[in-house]
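J.: Okay, here's what each chain looks like letter by letter:
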Amino acid sequence: MKLAAVLVASLAALASVAQAAAVPGQPAPAFRATDVNGRAVSLADFRGKTVVLEWNNPNCPFVQKHYSTGSMQGLQQTSTQAGVVWLAINSTSQSHSDYLPPARLAAWFAEQKAAPTAIVMDPKGDIGRAYSARVTPHMFVIDPKGIVAYAGAIDDKRSANPADVPTSSNHVKAALRDLAAGKAVATAATTAYGCTIKYE
Amino acid sequence: MPAILTVFFALLALAAQPAAAQSLPRFGAPERHVDAELLAATDAIVPGKPLVVGLKLKHEHEWHTYWQVPGDSGLPTRIEWQLPAGFVAGPIEWPHPKRLPAGPLVNYGYEGETLLLTTVQVPADLPVGRSITLTGKAEWLECKDVCIPGGSDIALTLPVNPAAGPSGSAALFESARAKVPQTVAGLSGQGTIENNRIKISLALPAGRTVDRLEFFPLEDGRVEPAAPQVLKHEGTAVELYLTAAQPVKADAKAIKGVLVANAGPASGGWAATVDMPLMAGTVAPAPAAAATTNASASMSLLAALSAALLGGLILNLMPCVFPVLSLKLIGLAQHRTHSGPMAAHGIAFAAGVVLSFVLLAGLLIALQKAGSALGWGFQLQTPWVVASLTVLFFLIGLNLLGVYEFTFGSGVANTRAADSLTAKSDWRGSFGTGVLAVIVASPCTAPFMSAALGYAITQPAAIALSVFAALGVGMALPYLLLTLFPALLAKLPRPGRWMELFKQFMAFPMFATCVWLLWVLAQQVDANGVALALGVLVAIGFSVWAFGLSQRGSYVFRWVALAGAVLAALTFAPLATSEQTATARSTGGASWVEYSPEKLAQLTSEGKPVFVDFTAAWCVTCQVNKRVALNTDKVVSRFAAEGIIRMKADWTNRDERITKALAEFGRNGVPLYVLYDTSGHPTVLPEILTEGTVLAALDKVKVAAR
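Protein chains in written order, with the numbering used here: chain C, 1 to 200; chain X, 201 to 906.
No false leads were mixed into what you were given.
No farther apart than 27 Å at their CA atoms in a straight line, the calculated lysine-lysine pairs in the DSS-like style are these:
{"id": "1", "chain 1": "X", "residue 1": "LYS456", "chain 2": "C", "residue 2": "LYS157"}
{"id": "2", "chain 1": "X", "residue 1": "LYS449", "chain 2": "C", "residue 2": "LYS157"}
{"id": "3", "chain 1": "X", "residue 1": "LYS449", "chain 2": "C", "residue 2": "LYS183"}
{"id": "4", "chain 1": "X", "residue 1": "LYS256", "chain 2": "C", "residue 2": "LYS157"}
{"id": "5", "chain 1": "C", "residue 1": "LYS145", "chain 2": "X", "residue 2": "LYS449"}
{"id": "6", "chain 1": "X", "residue 1": "LYS344", "chain 2": "C", "residue 2": "LYS157"}
{"id": "7", "chain 1": "C", "residue 1": "LYS173", "chain 2": "X", "residue 2": "LYS449"}
Sample of chain C residues at the chain X side, in silico, Cβ under 8 Å:
{"id": "8", "residue": "VAL23"}
{"id": "9", "residue": "PRO24"}
{"id": "10", "residue": "ASN59"}
{"id": "11", "residue": "CYS60"}
{"id": "12", "residue": "HIS96"}
{"id": "13", "residue": "SER132"}
{"id": "14", "residue": "ARG158"}
{"id": "15", "residue": "ALA189"}
{"id": "16", "residue": "THR196"}
{"id": "17", "residue": "LYS198"}
{"id": "18", "residue": "TYR199"}
Read the hints as simulated data drawn from the structure, not as lab findings.
Even glycine gets a Cβ: it sits at the ideal position worked out from N, Cα and C.
So here's chain C without its partners, still in its complex pose (with noise of 0.2 Å):
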C-alpha cells in the first residue's frame, strides 16, 4: 500500500517533469533563484551570451571524477574567458545526506579551484525539474538567443573512473566550439549519465 502510493506519487511527479523538459532546439525554461552568495540569478540576465548549466553534487562520484582530474575546472576556465556563462547549479535536496549548505557548497568549489559563474542553490529542485535534470553532472547549454543548445553528459565515456577523462570527448567543448564558430551543434543530444539527483 505504501508502495503503491510512493509509486504514485513518483509517478505524478515524473509527469510534472516531463511535460517541461528542455530539449534541444527548444526555448531554455526561465529561471530566478539565488548563488551560494544570496546573490539573484536570472536566466534571462544572460540573453545574448552562450550559458552553460552544470548540474552538481560533490558528494557524486561522477562529479567527482571530472573534478579530481581537472577537467571540468578547466572547462569551465576556458569558456568563462570566451564570454560563456557558466552556473554550477546543486538541486540537492536539504533533508539529503548529500546536500551541503550555501557556504560549505562555495567552499568546496574554492577548495577545487572551480571557475564557474555562479553558484546556483536549487534545493527545492524547481530548476532541475523544470530542466527535466536527472543527474550529476547533467549538462545543458543554451545559445544567445535562449534556445537548448545541448543537453546531456558531460563526455561520451559512462564511467566514474578518473582514467577515463583522457581519451574521452567532452560533449560540452564541442559544443561551445561549434556555436562559437557560429555552426549548428553537431551532437545536440545525448543521455546523461551520472549519480541520481536528489530531489526533494
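For this one, chain C is given, so just place chain X on it according to the hints.
T.: Showing chain X alone in chain C's frame:
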C-alpha cells in the same frame, strides 16, 4: 543497517568539520555494501569445452548494482579478465533486471543476490590434473540513495579434468540461467512511434499469458525509464505503451530490449529478448492512466480467483442474501439426523449458484461483445429490472411473514418444505434456491467483486467465466460444506419456536431492501413511476394474501388471488415499457460538476486539480462513502481550500462513456474515486473511504504536484 548508520554518522561528522579542513567530502572508511565472488558451474575445467563462470554479487539490504543499461543513472557492472593463454571470456550474460525507483527516476538493476554469467572458451591442449587460476577485476557502482564506486579482484582456481561434474553452486547457476532472457520462438512484435508515444504490439506464442509486462530497453536514450508502461490486451495479442525518451530519436528503425512477463521466470513468468521493427504511425494515448493498469490493477489469475471466492463468501452476509440462506440452513438443521440426501441438496444448490453466475457472466460478456457498454450492476440500470427486484424482495418478505407458503420446490424460506427432504423433487428446489440467491445477491455487489470482475471482463471469455464460477463457489461454500459434512450441523442452534420468530423477523431486512430499491427507482423514473411501482406492490400484496387464504382451504380466494395478480401485472406494464425518464439527479449538492470526458480533459489541461466520483444510486458502498468521507465538513472545506473541482460521474443509468472511463482504470463497477493533480496525473483512491484516507490523498497529491 549498521553500515548505513555508520555512513550517516560519518557524513554528520564531515558536515560538522570546518570547511577548509576537508576538500572532497568522502565517506569515512571505504564501506562495502556489495560482496563479490567468482564461481563456476562445474567443479573442473574440461579441455576444449566452454566453462561457465559467474560473478556472484551479494547486496546489502536496500543497496543495488546495475544492469547492462542502467536506466536514468548508474553504471553497468564490468569485468576485466586476466586469463591464461588460450582462454577467452565472452560478454556478461545478464539476468533480467528489475525496476528500481529513485525519487522521480527509475534505474534498472539488481538487489539481494545475483549471478552475472560469463562463458569462457577453454583451449583444447590443457594438461589434465593441473590447476588453473582465472583472475579478473570486477567494477560496479553500488547505490542506495548515495552511490559509491565498488570493485574487487576476483579469482577462481579449478583443476583440469575431462570428467567434470557439477559444482556446489550448480543450482545457483541453473536459476541464474533461467533468468537470462532468451529469444522466444513464436514471439513476434513490432513497434509504432508517434511523437513520444511508443506502442509495442506483440503476438504471444501459444500457451503464454501475460498479466504483467515490463520492457527494458537495450539501448540508452530510447525509452523514458521512469514513465509508466501500460499493458493492454487485444484478444490473444497484447500491446504495451511506452514513452520515448526526450529528445525523441526519430531515425530509429528498430527497438531492442528485454520483455519480462509476470515478474520473470523466478515468479512463474518468462523473460525474452526482442528486436522489433519500429515504424512511424499513429499511437493512441495509453489506454489506462498511470501505473495502476500494469502494476496493481492487473491481478494474476490466481489472485482474481481468490478475490472472487472471498467476495462470494462475503455475499452470504449481505442483507439481501443472509435471510434466504440462513433460513435454508435452519431447514437443514431441523433434519440433522438425515445424512445421505443432504449432500445432493448441497450440490444442487451450489450448481444453481454457480450456473447462474456463469450464465449472468456469459450474458454480460455476450452483450459487451455485441458492443453494449455494460458493467457489473448493469442489471440495475434499467427501471423495470429494479421494479421487478422490488417486487421479488417484497414477495420474499411476505413469505417470511407467513402470508403465504412458497411452493416452488423446497421454497425460499419454507421450513415446512424441509419435511420432504428426501422427496425427489426436492433437489430441484435447492437448485432453485441457488438461482434465487444469485438474483437477490446481484444488488449487493461486495467491494471485492468490482476488482475481480473488472479483471474478468478484460480477459478472454474462458478466464472471465472461471472468475464468475469462483464467485459462485464462494457463495455456495458454507451451505455446501454443511451438507457434505452433516456433523457440522450439530454446531448449529437447536430448532424451536425461536425459528419461526427469526424467520418472520427476517422479513424486515427484505422490506428495507425494497425501500432502497425504490429509492434507486426514484433516481431513474419520475414520481408517477414510483407511484406505479408502489401500486404494483399493493396489488401483489393483495394477491398473495388471497393466495395464502386459498392455501389454507378457502378455495374461492384462488380467483381473488388471480385477479390481484392480473391487476399487478396491468399496473406493472407501463413500468416495463418505460426506459428511464428522469436523468439521474445530482444528490451531492450544487458544488459537483457533472462528468463528461471532454470537460475532464479541458479542466486537467488547464492544470486544475479534479476529483472524480464514479458513483451510482444503487451502489451502497458509494452512498456510505459519501456520508462518512466525501460530504463531511472537513473534506468539503479542504476541497474548496485546494481549489479542487469535484466531478460526479453518475452511473445509476447506463452511460457508455462512464463504463469506458471505468475500464480505463481496470474497473468494471463503482465506486471509483480518482484524483487528478495539477499536472493531470490521476491517483486512484481506495474503494472504501474514510475522512482520513481522502485527506491523506489530498496531502500526497499536493506534494506531488509541486
